[in-house]
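> These are the residues of each chain, in order.
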Amino acid sequence: MTIKVLAIDDSRTIRSLVHKVMVDAGFTCALADDGVQGVAKFKEDPPDVVITDLNMPNMDGYGVISAIRDGRIHRNVPILVLTTESAPHLKARAREAGATGWIVKPFDDEAIISVVRRVTGAKG
Amino acid sequence: MSQQVSIRDMFFEETEELLEALTEGLAQMHAGAHDDETVNAVFRAVHSIKGGAGAFKLTALVAFAHRFETVLDEVRSHRLDPDADLMRILQRSADHLTVLVDDARSGEDTHGAQTPEFLSALDACLGGPAEPELEDLDGSFGFSAITLDLGDIAPAETPSGQPFTIIFWPHKGLYANGHDPALLIAALADLGEVWAEIDLTKLPDLDGFDPAKPCLGWTIHLTTTESETEIQSVFEFVEGLCDLHITAQHPVISSDPAPEVLVFDIAPEVLVIEPSVAAPVAESADRSIAEARRADAAQADGGLSEKNVPKPTLRVDLDRVDRLINAVGELIINQSMIAQRVSELRLATDADVVTHVEDYRLLARDIQEAVMAIRAQPVKPLFQRMSRIVREAADATGKTARLVTQGEGSEVDKTVVERLADPLTHMIRNAVDHGLETAEARIAAGKDPCGTIHLSAAHRSGAVIITIRDDGAGLNRRKILEIARKKNLVSGDAELTDPEIDALLFLPGFSTASTISNLSGRGVGLDVVRNAVVALGGRVSISSTPGQGTEFTISLPLTLAVLDGMVVSVAGQVMVIPITAILETIRPGNEELHVVGTTDRLLSVRGKFIPLVDVAEGLGFARPPNHPEPQTMLLVETETQGHCALIVDRVFDQRQVVIKGLDTNYGAVPGVSAATVLGDGQIALILDPDALANNRVLAPADARSTTKQTEGKLLATV
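These protein sequences, in sequence, are chains A and B.
As numbered in this note's numbering, residues 1 to 124 make up the first sequence, in order.
As numbered in this note's numbering, residues 125 to 842 make up the second sequence, in order.
Think of the hints as simulated: they come from the structure by calculation, not from any bench.
Possibly wrong hints are sitting among the right ones.
[Claimed, not checked] Each computed BS3-like pair below joins lysine-lysine, with the alpha-carbon atoms no more than 27 angstroms apart:
| id | chain 1 | residue 1 | chain 2 | residue 2 |
| --- | --- | --- | --- | --- |
| 1 | A | 43 | B | 296 |
| 2 | B | 181 | A | 20 |
| 3 | B | 296 | A | 4 |
[As the list claims (entries may be wrong)] What the simulated footprint calls covered on chain A by chain B, stretch by stretch (three residues with Cβ under 8 angstroms from a Cβ of chain B suffice, anywhere in the stretch; the number is not a length):
| id | segment |
| --- | --- |
| 4 | 5 to 14 |
| 5 | 94 to 104 |
[What the hints assert, rightly or not] If you want the ones that stay clear, here's a sample from chain A, every Cβ over 10 angstroms from chain B, calculated:
| id | residue |
| --- | --- |
| 6 | 26 |
| 7 | 43 |
| 8 | 44 |
Predicted, not measured: the structure shown is a model, and the values here were computed from it.
Glycine included, every Cβ here is placed at the ideal spot set by N, Cα and C.
Full structure from sequences and hints, please.
Here you go:
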């Protein structure tokens, strides 16, 4: 079973990087430009794990987490926050909103893959 | 590797766009015309640049963007008021961010030295140096969440290391956040030998079973060589979402291994709690958060239809577009060849053929316009960059100046936009440096001490007109003439009209600044500006009113690939004159032609005298002896010489022609701007009416001055 990742980030660069890292690791990776699109794609094709940015136009990362956690189905899919913020209160806020974990940019490929494996239970 | 490089390119491309958005947002804030979303967008732009830069380990950029972002965050949360001083610092910081990005792209570090100065300015906004928390944040930028590598830790043959007992009771929030106890235990198993006991004591009877309430706990025995910190890091994400007690045990006596120790495996039966069943609904304690979330979601949902959702775009390699443009050029040539062949074969009598040929022509034109539109870009980013140039120039000269832009949405060919950057920069610097007066002089003249540079773009009959206007003192014509005489650019006794004096500025080697300033006086004169504009098939002109300011007008073709031309013949040669230059076609009677002096002739058009330019003569063609006197004149408008009438032998028709540069294959020919391939395969030269008219100026003729003065005034009022 290939792990399906949904990466939501308004930065083209970050999206491409995540995509590359995920695909290189043998996962499939869908992409969305903002929260609204991300939630739509989530409903359309529920992934095994969501990686989302926090600061985004239209709907931010907290909105994405809420929309998924308050949804009817697949509300327990792991959601990883990919962010430049490592301040403890921001982590706490992300956790309160329902984030499963976080990855602090700049991520290194190995770290992000291992976090994804860890929250999805995928074998290395 | 190449993929990494292309993502890096993408980063810089995206950063470029973000910097534009940043500049635009800051300009709106500066003008006081902003709302929270503007500030948010500004914040996000810097934030995204920081994020991308972090991914490429561009630490200098990250560090600066971070502090910049911190200040913007304060503004965003209304803790800092964006007053004039703060706006100045923000704009300067945006400028600095731009140069740091340029540095990062080129791999050079030419501006890093200035960073501390900007950082301290930003710190001052925050009321002191960066807070300790932020320092800490910088320090922990590396990925600290997880350091375990699944591949490296092979399970030890025999249990060794320190035994730990971990008591783990998940809260419902743990399941709600998408965690799975089995995965956490599996992660522990990667650290060493694990023996997990499930605690079912809190599992109620079926009657009292609440699916939303977690009721399982685990006692995990872990023997590992890793430290306790490593074990804690496994639980990092679930901190606060479970009761967790990790206790180190005394080492197990090796001679007494517990035979019943089970190596934990993710057995299916351990997964008794299906997370989706156990997932609790956010309630009471989390009510406010839940409500806030819903409000967020509702806002986002509702806002979607109202807000202008960006149009979907497609990023295409420029090479592909250029290939398409070339192909369309060939299509247009092919179309005109077929049209010509049809008329030669006298097939034009067949209504069907005529309709199809005409359809083909219209279709080819539609395709061409659509393709050109792909390359068209708004001048906005270019204009936005200029506000930085104005700020820098004003700083360097100690003047105060602002930039007012207009018509930023006007679109021009990408190459034109790119190649216009240098001349425009130079002209803007000139306008601040030479055009504007000092604040004292302005106050003395009863003007606003802050000078204004107007930069505008507009489409006018197949061309884009860019004007740079300052409200300075205007040109000092006496001084210009003096310098030109001193440099032998004009003869000492020549009487020049005002526009002619102004045009002297464009002559090579002309520089008015008596002291070379460190800004615009870099040995680059306006002649370089003019050459750059002419190379793009454009024109630049100047007009000035003493005491009120100077205006430069650049007119540029919208595309560099095709032009609408009038096909004419001159001394047996077929030539093309750009339609944009032609005002009308005239066949004058003898009474309208006047001879001035020995050779010069004037044409009287509705009471105005217009100089005549014989194209054949201008290009050095000799007419056959018995050739009838040409009678057709094309009235053209030139940027420097006003109206002019070109004498040609015959006018054929109006046609769209594909521009093929001569410069690369042959060399520059005065009076000729390029060449094209006609329908019959013949090569025709595309004439440059301006150059033809200018050549004529070398011959003295004062009678033209009336026209030119009129033209000068016209330009001044544009």
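> In ascending order, which of the hints set out earlier in this document are inconsistent with the structure?
none
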